[in-house]
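Trainee: Spelled out, the chains give:
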Amino acid sequence: MNYLEVEDLRVSYHTPEGEVPAVRGVGFGLAAGSKLGLAGESGCGKSTVALALLRLLPRSAGIRGRILLDGEDVLTMRWGRLRAVRWAGASIVFQGAMHSLNAVRRVGHQIAEPIRLHGSVPRDRVPQRVGELLDQVGLPGWRARSYPHELSGGQRQRVMIAMALACEPRLVIADEPTTALDVMIQAQILRLLDRLVGEHDISMLMISHDLSVLSGSCDRLAVMYAGRVVEEGPAHAVVTDARHPYAAALGSAFPTVGDPASRRAPHGLPGDPPDPADLPSGCAFRPRCAVVEDRCAAIDPVLWPVDSDSAGSAGRSAACVRVLDSAAPEDTGAPDGAETATTRVADPDTTLPTQESGAQY
Amino acid sequence: MTGAATVGRADTAARRSRVLRYVGGRLLTAVVSLFAVMVTSFFLFRILPGDPVRAMTTGREVTVEQQAELRRQFGLDQPLWQQFLDYCAGLARFDFGLSYQYRVPVSELIAEAIGPTVLLAGTGTLVAALIGVTLGIRAGWRHGSVGDRANTAVALFLFSVPSFWLGLLFIVVLASGTGWLPGLFPTGGMATPGVDGVVAVTVDVGHHLVLPVATMVAVVYAQYLMIMRSSMLDETGADYLTTARAKGLRDALVLRRHAVPNALLPTVTLIFLNLGRVVGGVILIETVFSWPGLGSLFYSGLQVPDLPLVQALFVVFASAVIIMNLLADLVYPLLDPRVRT
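Read top to bottom, the protein sequences are chains A and B. Per this note's numbering, the first sequence runs over residues 1290 to 1650. Per this note's numbering, the second sequence runs over residues 31 to 371.
Be aware that one or more of the hints could be misleading.
Stated by the list, open to error - Label-pair restraints from in silico Cβ distances:
no., chain 1, residue 1, chain 2, residue 2, range
1, A, A1392, B, H237, 41 to 47 Å
2, A, A1587, B, G174, 38 to 44 Å
3, A, Q1477, B, T266, 31 to 37 Å
Claimed, not checked - Negatives, chain A to chain B, calculated, CB over 12 Å:
no., residue
4, R1414
5, A1476
6, L1479
7, H1498
8, P1523
9, C1578
10, A1587
These are computed hints drawn from the structure, not numbers from a lab. In this text, all values refer to a predicted model and were calculated from it rather than measured experimentally. Each residue gets a CB set at the ideal place from its N, CA and C atoms; glycine is no exception.
Model the full structure from these sequences, guided by the hints.
Mentor: See the structure below:
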């Protein structure tokens, strides 16, 4: 059974202008020990997904769907249970650790806080455990007495990783873990994260706008656009042979190593992501799509298995009418269940009914 | 790990020298400010119109010789620079000269009055800060709630009330007593004559303290509430609070361990600034409640004008502000590690 199972997740923000859907039916599964990358440009809803997994969204957000963590639905958990699951069941490596760490507390104290809270080790062993964790991320033990502003960006991210591993969770959610770092440090941090996650047999959901970062670390990739997953499959296949025009554009926005042509002329994608409050009819990507057709205005495509005849297409799906064309209509089953991480086809209905304001905090 | 340990030690050494430089800089600033206050207070009160000797002798028949004798006695016949030097020499010995109206050393008058003022204004400021900060934290954390709106409205209403008016109202309603309501508190002063014994005196002074402190607190706590509330509002969306929640902390702990320590910084500065102003800042309340403090003394000195007294009080008031500012500067790094570098 998958450790994390997300089914038809929908998040909308209550604003004075009305309901604004940020996530419009996202589903995926994550088996123990596997790594899934969630890609997309800013505003596509990927960070909202990350925060929704532990019900960390502000009160103005309404969440629907199911988030099964080890079989338990996070969205219907009682408060006490939710607090116990937070960090001990799944922890988060936040983006830009400068602001995610408390500036007026020593980092050792901040690492120790969840350990004490969840009683992961006996009280008298906490300082020792903090030392071990710092050692694991390659920081000397005396750094426990430092304040966040005394550390470099890379060191702060290491502290963040040490903190995420503090209670030995079975899932780590890495939300843009390397975004604010330069390329060399980025590579170090990714290697570190990879190694630690592998050593401790932790599942990882890594979120980034950078496909090259994700493809290096993850088994499978899901590409999000305007609150939906538009393509999903094995990491290598999605990067090199994307079936959704948006995933293809995102892939070619980063130069391919060893290909001078692509390095000199990375392809950008013109236009901006759509305003979630005012989505175009049909396919949300239509206004920016290079291969748009007339019917795209009428059809809002759902994730559909990519034709499994062609090589390397196993367990892949994409939400584009052209994929729908090439697939056999009878083949409506979910993509190959043997895969470690699978994305489920979402309900194509985009309208979001007003929902009762459930408190998320 | 010897390499790391050495780095750690070098780090502490560097930190220590940074701290010394910081403290030294602040001390120097304070000393320079104090000197400027001394000079200003001397010349400011020489420029003021009004002949002190004429003021001292109003309503009495005095000969020109007597006036000259008074001038000689108070050193007013000396050239200005000589007076200034005497003044500086006196300050060094805490000797502010003789009061024109009371004919006793000014330092004695101040020594007598400073205790009551610190008691009244110090208690008032601390209670106001405590109430304001507590309510401000709750208002900011649950901003937009009914509690927030009610608290803010009440605080701002009281803030706009003149302190002397509120004091008089308290005296009329709670001290003199009206209709069926008996007078619960004394109308003024700091002690009932004839009360003896440590416990009895403490209770008696406490009883006298209630109304003036209540007046002061009611009028000023809004400042602390508003500052604390807006600092809390600045923090509520912060990423480190999301981290704290993600760790599984209860809301109360997220508030206490993470949000409050960060939001407290601006309020602490305000508390120290107000503690500095405490010494001279409650003239109206002291006058209304006949509280024998520095405010009342200053008021009586201004009416004469009693130059040595007013001048000395000016120095005392300004020094208190400077010293409290210095303390704020020294305490701030303890609360915010970012200031230490």
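Trainee: Checking each numbered hint in turn, tell me which of them this model violates, lowest number first.
Mentor: Of the numbered hints, all hold.
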